Amino acid sequence: MAADTITKLPLAKAINESLRKAMETDSKVLVMGEDVGKLGGVFRVTDGLQKDFGEDRVIDTPLAESGIVGTAIGLALRGYRPVVEIQFDGFVFPAYDQIVTQLAKMHARALGKVKLPVVIRIPYGGGIGAVEHHSESPEALFTHVAGLKVVSPSNSSDAYWMMQQAIESNDPVIYFEPKRRYWDKAEVDTSAIPSPLHRAKIARTGTDLTLAAYGPMVKTCLEAAQAAEEEGKSLEVVDLRSMSPIDFDTIQQSVEKTRRLVVVHEAPVFFGSGAEIAARITERCFYHLEAPVLRVGGFHAPYPPARLEEEYLPGLDRVLDSVDRALAY
Amino acid sequence: MTVESTAARDEARRSSGKRTSAKTATTAAASKSPAKKSPARSAAKTAGKTAGKTPAKPVSKSATKSAKAPARKTAARNAAATAPHRQDEPQLVQLLTPEGERLTHPEYEIDLSAEELRGLYRDMVLTRRFDAEATSLQRQGELGLWASLLGQEAAQIGSGRALREDDYVFPTYREHGVAWCRGVDPANLLGMFRGVNNGGWDPNTNNFQLYTIVIGSQALHATGYAMGVAKDGADAAVIAYFGDGASSQGDVAEAFTFSAVYNAPVVFFCQNNQWAISEPTEKQSRVPIYQRAQGFGFPGVRVDGNDVLACLAVTRAALAHARSGQGPMLVEAFTYRMGAHTTSDDPTRYRADDERASWESKDPILRVRRYLESEGLADEAFFAALEEESEQLGLSVREKIRTMPDPDTMAIFENIYADGHALVDEERAQFAAYMASFEDSAHQEVN
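Residue numbers (the working numbering), protein chains in the order written: chain A, 1 to 329; chain B, 330 to 776.
Extracted from the complex, chain A is given alone in its bound form:
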């Protein structure tokens, strides 16, 4: 590990560096989306890329999400590897048909004879005091679709490497970016050997209970574990990193040790990824569990106005409340 390859980067900048690296490595990699060029994206994730790679590779598109994804599919069929930006989570739905009906299914439709290496970047989740449609967590609407892969990094290093791997993937990858963590800095080692894209990571080891989370909630869970430690409870935190596929083996190993599991995500709990994890872990770890798998997440309500989001979003206290409930069994 050479020291000069380690830099401390905000998460957004780590993605930027990763895109830059991918574009340098492979001339077929394109970046496209609304305002990604001259402006560098509304979160500046693509800042400077158009200046260095030109308008032909960093494409400011018309304001039409279905058009962005639909043309990205055509470009992929021509041999390109488009990295598409959907400006905000709540803006992806005009493209939902293209993603679900075409992007996800075309490989199967062709019996494997075409590949769709398209990455769709979606800044997601709340916590930034935004207006409606700017704070949603729609990942379950994509994990439910065969043909898509769905990932979300929680820190700068994963953001960098998972973007490299998503672009290298021959399958379409929905890459959810935890927008409220864009400015969180962490070390990125650009010469490291990354773990596989769909492998979960133990973000903190513990013995009493497992917290499983991804994206923005990993930090919340780490803070909760820190607070719990002060109360004498040892929590393990699993950073899932990938929601399709999910690395159930890693969760299972953790739960067989801790015997308790709480799943945390911002997305509504009902029919969310926590439900899937609870069902599968209950099946896998039935005789190890000391408590039912509990879930912490959003309510079955539209994402609330910004003045209410602090109460709506799962925070440290709500996570610890469920931890206490699980430990009480």
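I should point out that these hints are in silico values taken from the structure, not numbers from a laboratory.
If you're wondering where the values come from, they're calculated on a predicted model, not measured in any experiment.
Possibly wrong hints are sitting among the right ones.
Covered stretches of chain A, going by a simulated chain B footprint (3 or more residues, C-beta under 8 angstroms) [to be verified]:
{"hint": "1", "region": "55-65"}
{"hint": "2", "region": "130-142"}
{"hint": "3", "region": "160-172"}
{"hint": "4", "region": "242-252"}
Where is the CB? At the ideal position from N, CA and C, for every residue including glycine.
Since the structure of chain A is provided, determine the placement of chain B on it from the hints.
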């Protein structure tokens, strides 16, 4: 749509065909069009101008008024442009009348050898034969469904034969004639209708994308592909097929926007077959579909979709326009779906018999036969040989479909991902074990 209005439209169209030849003389003389020598680029240019200029003004004006008092005012206004015609029925490019009379056109001309003409005729006959065979196979239970192209042979063969080998096609699910032109094995088209796959052919073998069932989506794929062609510096063109119904889809409008903004080398080929299942084109658009192109900033033209020569000439010009870096072009092939939407549809519930009958007289194949015969371009031996070839094609398609194997059960889990997926692996293994449990018990019972 009433019978009367249909008849009126037909009359308008018939006269427009003749008008085409009449207009030819004046325009050609006036513009000194170099169409004949270099049809491609210049033809497209003029086409763009004409398409933009001629019909746009009167239509936009009459659009609001025409409902109440359409006839007199507009007719008077258009008197200069020859015979009276309805504003929403602009003239279409025609080179061969239903009677087999050859017309000329100032912007879209074509010079074909006898052999080429016979080739187009052969393509249409064989495509119709294949299509009829597939319809029969559906009736016999060999196919679950069939979407017949009956009546649209000229639109598909004319446009399909305009393509170069390196051009790329993005079809809907009815482009059997275009598939034929691309050299796709007809049996390949039947797989999805039989239910053994969802397409399955390699699009890159014949530059013919898989059939798209959710209509309109493919217009964007074509546009993206064309953007890639331009980035590669290649001079190929891309063609997107869709119908009058799909023209209402947002994806088609977005494809128009993207292709225009990026100057993508794509031709939008709309087969307006008058019916989107049960809904007439009036339910899709208030203006003739080709005129939509103008609002997006590229040329559009309406062609007689039952005239294979006109479809070939216009598509060639549109492809040349796209190749020359001038961006997209919209071709509206005005045709008619003679059959049902699919074998599951019952058109008697929504359209009158005499409408179909009126289109029968404009049959795309018959007019070419008349022309070939009257000009002495094909003899009886040719037609007899073609009849025999047609029978053979039917037989071979029948044979292929009847021997087409069902897919292996485990194919459910194949090709979902290119790089694999843990959940798919897990479910495949579980299902295989479940299926194997039946084999074990069967085995035990035998013993």
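Task: Violated constraints from the hint list, given by number and in increasing order - done: Hint check: 2 fails alone, others pass.
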